[in-house]
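Protein chains: 6
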Amino acid sequence: MDEFDRYRAAMNEKLLGSNHLGIKRFFALDTQAYEEGALDKRTKELLGLVASLVLRCDDCITYHVKQCAGIGVTRDEFLDAFNVALVVGGSITIPHLRRAIDRVDQVLNETDHEAATPHNHD
Amino acid sequence: MDEFDRYRAAMNEKLLGSNHLGIKRFFALDTQAYEEGALDKRTKELLGLVASLVLRCDDCITYHVKQCAGIGVTRDEFLDAFNVALVVGGSITIPHLRRAIDRVDQVLNETDHEAATPHNHD
Amino acid sequence: MDEFDRYRAAMNEKLLGSNHLGIKRFFALDTQAYEEGALDKRTKELLGLVASLVLRCDDCITYHVKQCAGIGVTRDEFLDAFNVALVVGGSITIPHLRRAIDRVDQVLNETDHEAATPHNHD
Amino acid sequence: MDEFDRYRAAMNEKLLGSNHLGIKRFFALDTQAYEEGALDKRTKELLGLVASLVLRCDDCITYHVKQCAGIGVTRDEFLDAFNVALVVGGSITIPHLRRAIDRVDQVLNETDHEAATPHNHD
Amino acid sequence: MDEFDRYRAAMNEKLLGSNHLGIKRFFALDTQAYEEGALDKRTKELLGLVASLVLRCDDCITYHVKQCAGIGVTRDEFLDAFNVALVVGGSITIPHLRRAIDRVDQVLNETDHEAATPHNHD
Amino acid sequence: MDEFDRYRAAMNEKLLGSNHLGIKRFFALDTQAYEEGALDKRTKELLGLVASLVLRCDDCITYHVKQCAGIGVTRDEFLDAFNVALVVGGSITIPHLRRAIDRVDQVLNETDHEAATPHNHD
Chain A
25 MDEFDRYRAA
35 MNEKLLGSNH
45 LGIKRFFALD
55 TQAYEEGALD
65 KRTKELLGLV
75 ASLVLRCDDC
85 ITYHVKQCAG
95 IGVTRDEFLD
105 AFNVALVVGG
115 SITIPHLRRA
125 IDRVDQVLNE
135 TDHEAATPHN
145 HD
Chain B
25 MDEFDRYRAA
35 MNEKLLGSNH
45 LGIKRFFALD
55 TQAYEEGALD
65 KRTKELLGLV
75 ASLVLRCDDC
85 ITYHVKQCAG
95 IGVTRDEFLD
105 AFNVALVVGG
115 SITIPHLRRA
125 IDRVDQVLNE
135 TDHEAATPHN
145 HD
Chain C
25 MDEFDRYRAA
35 MNEKLLGSNH
45 LGIKRFFALD
55 TQAYEEGALD
65 KRTKELLGLV
75 ASLVLRCDDC
85 ITYHVKQCAG
95 IGVTRDEFLD
105 AFNVALVVGG
115 SITIPHLRRA
125 IDRVDQVLNE
135 TDHEAATPHN
145 HD
Chain D
25 MDEFDRYRAA
35 MNEKLLGSNH
45 LGIKRFFALD
55 TQAYEEGALD
65 KRTKELLGLV
75 ASLVLRCDDC
85 ITYHVKQCAG
95 IGVTRDEFLD
105 AFNVALVVGG
115 SITIPHLRRA
125 IDRVDQVLNE
135 TDHEAATPHN
145 HD
Chain E
25 MDEFDRYRAA
35 MNEKLLGSNH
45 LGIKRFFALD
55 TQAYEEGALD
65 KRTKELLGLV
75 ASLVLRCDDC
85 ITYHVKQCAG
95 IGVTRDEFLD
105 AFNVALVVGG
115 SITIPHLRRA
125 IDRVDQVLNE
135 TDHEAATPHN
145 HD
Chain F
25 MDEFDRYRAA
35 MNEKLLGSNH
45 LGIKRFFALD
55 TQAYEEGALD
65 KRTKELLGLV
75 ASLVLRCDDC
85 ITYHVKQCAG
95 IGVTRDEFLD
105 AFNVALVVGG
115 SITIPHLRRA
125 IDRVDQVLNE
135 TDHEAATPHN
145 HD
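Residue numbers (the working numbering), protein chains in the order written: chain A, 25 to 146; chain B, 25 to 146; chain C, 25 to 146; chain D, 25 to 146; chain E, 25 to 146; chain F, 25 to 146.
Be aware that a few hints might be false.
Since the list can't tell identical chains apart, any single copy or any two copies may satisfy a pair.
Unchecked claim - Okay, derived cross-link-like pairs now, SDA-like style, lysine to any residue, Cα gap no bigger than 20 angstroms in a straight line: (1) LYS38 - GLU59; (2) LYS65 - ARG123; (3) LYS90 - TYR58; (4) LYS65 - TYR31; (5) LYS90 - GLU27; (6) LYS38 - ALA62; (7) LYS48 - MET25; (8) LYS65 - THR98; (9) LYS65 - GLY46; (10) LYS90 - PHE51; (11) LYS38 - PHE28; (12) LYS48 - ALA62; (13) LYS65 - GLU37; (14) LYS65 - ALA52; (15) LYS38 - PHE51; (16) LYS90 - GLU59.
Note that these hints are calculated values from the structure, not bench results. All figures in this text were calculated on a predicted structure; none of them were measured in a lab.
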């Protein structure tokens, strides 16, 4: 997933560095859409995850899995969201669910590992 | 929306009355996917709504708008969910958002009206 | 469905009458794709029907339902094809399945009616 | 198409009148995307039309047909754009092409009629 | 394709081992949808293949290519099914058809090879 | 991108070498759709690019990026076309835009390099 992050950052840089006003504004809207509002951030990230699953976009799924894990979505909650996506979107989503559960376990393991490692900054 | 409900019920009857085991089981899974679980019913109905918006299925949107309104989703929360769908799915979702906000206002008005009407059952 | 047939014919006429060579050739390819070949016509019409269901195109579904019924696909076979589409494409296909079973019953009833009516051409 | 315009305007009003900042900004971006830039307005409207055809959104198609006609896209150019959409998107786009050619002829006829009518403003 | 099979099995194990009842039941429905019924297994696998092609899901295509080859679908029949998918789904399916014909030839070659190799179990 | 070209050519060869008349004719139609007509080649290639972006087909995007660059589409024009695709198709197109801008820069750099290299054939 490090390679995923690196490529993503480098190409976003290319897109945004081109100074196309429309593209820059769209990226801003995209960020703002998941901020706390009438619905809370957690619900919105889950909405983004399920939308990405039914539209079958692996990179979008990876991104929202990380965001969700970062705000405490549990493995059981991920599975419950996957189930909604599976029923709505059908078996065609299954290859994406396979990659998604893989990402979930990578991200949750990293989080556990970090939590278990004492951070001695002093 | 009464005509929508009538046609929906009559055709579901046709589909389920045909006793195809696979179809019957799928309909059962569909119902169960939105029941209280690791995620609560309210979150799941919002997931169903946003999935329906990005997949651009008007009948599915109408159904989930009703379900959401029935469990207290407010107009501002609907708009916040619409915004996630709009950013993820793009301008191609706008005609569906137009019909969706129409449904939301119909359903919320009915709910208000019912709440304002004293139910004298005695 | 008569209105459907009339509009379809009139607009195909407009499209083909415009003498755009690419469009005319595409329409010819479309017709030829369902002709007897390595796979028989019946299998190909079922393939066209299921492809139309998972891509959620009501007009295409109506067309292939008629073609299938015309070459003897039974109600149980339609339901079995619907079930494949439902599992592959998910609950988002259900509104289309409702309209599809409606079309199937209209078309099969017409066929029965015609079969039951003695054709005295002499 | 008057009813289409009326409903479209009324529901856009509902969506924008709700003062959701994200939705308002998206609508602004949508308008700006078709303004003169590195590519001219005419090319961009044709891009919007073909994108709408392959994504099979009738309302979006109607909107872009009107915009294109308003800046002088001819019937032959429409057909050439339809052909690209047909080849890219397949026969599943045909029902949308039928409705699109109908819209094109309505819009071009209106334009002709207006051109033929002397505007005596004095 | 061995790596494909290994990852698929390991991740299905993760998904099913999580004991989410909805996901387990969906997987069961998915298996049952292709079993002998009103339509035979061979027709159903071809339906699954064409649905996967028009929905452009490479992993699903690979799976159904294997299933089809295992029940005797010939190269000419595969090509005839590909042609239906190509006409329905358009040129956007071509990259998937390229990978699909590659899979077909791998699978059919393996099958030939196995058939040509005497199995001396004594 | 050399590997992309090689695999593409080899598999097209497999598909076309199979002598399925429908598939061969479709490939011919696909080529013809982008030839000079009522709309010029440049506009048509841009239409093909944006259709590929909103349908999220990376191989199709790579192909049309090359074609566009070959007939002089500039980096700013690419970005303007990307912006239309982004607004129409939503954030779900962003991972494809990242890969697309990468392709654009590779192709434009190669073109620059070739232009800067004197071709001494004598």
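Q.
At most 20 angstroms between CA atoms: does that hold for LYS90 and GLU27 within a copy, between copies, both, or neither?
A. within (15 angstroms within a copy, 26 angstroms between copies)
Q. Is it within a copy, between copies, both, or neither that the alpha carbon of LYS65 lies no farther than 20 angstroms from that of ALA52?
A. within (16 angstroms within a copy, 24 angstroms between copies)
Q: Measure nothing new, just compare the shortest in-copy and cross-copy C-alpha distances for LYS65 and TYR31 to 20 angstroms and report within, between, both or neither.
A: Neither: 26 angstroms inside a copy, 33 angstroms across copies.
Q. When no copy is named, should LYS90 and GLU59 be tagged within, between, both, or neither for a Cα gap of at most 20 angstroms?
A. For LYS90 and GLU59, only the intra-copy Cα distance (15 angstroms) is at most 20 angstroms; the inter-copy one is 25 angstroms.
(Q) As a check of your reading, is LYS38 near GLU59 (CA-CA no more than 20 angstroms) within one copy, between copies, both or neither? (A) For LYS38 and GLU59, the Cα distance exceeds 20 angstroms both inside one copy (25 angstroms) and across copies (23 angstroms).
(Q) My question is about LYS65 and GLY46: at a cut-off of 20 angstroms on alpha-carbon distance, are they close within one copy, between copies, both, or neither? (A) For LYS65 and GLY46, only the inter-copy Cα distance (15 angstroms) is at most 20 angstroms; the intra-copy one is 25 angstroms.
Q.
Cα distance capped at 20 angstroms. Does LYS65 pair with ARG123 within a copy, between copies, both, or neither?
A. neither (24 angstroms within a copy, 26 angstroms between copies)
Q) At most 20 angstroms between C-alpha atoms: does LYS38 with PHE51 qualify within a copy, between copies, both, or neither? A) within (13 angstroms within a copy, 25 angstroms between copies)
Q: Since the copies are identical, ignore which copy is meant and state whether LYS48 and MET25 lie within 20 angstroms (CA to CA) inside a copy, between copies, both or neither.
A: neither (25 angstroms within a copy, 28 angstroms between copies)
Q.
At most 20 angstroms between alpha carbons: which applies to LYS38 and PHE28, within, between, both or neither?
A. within (15 angstroms within a copy, 22 angstroms between copies)
Q. What label fits LYS48 with ALA62 when the C-alpha limit is 20 angstroms: within, between, both, or neither?
A. between (25 angstroms within a copy, 16 angstroms between copies)
Q) How would you label the pair LYS65, GLU37 (within, between, both, or neither) given a Cα cut-off of 20 angstroms? A) neither (25 angstroms within a copy, 27 angstroms between copies)
Against the hints set out earlier in the document, violations occur for numbers 1, 2, 4, 7, 13.
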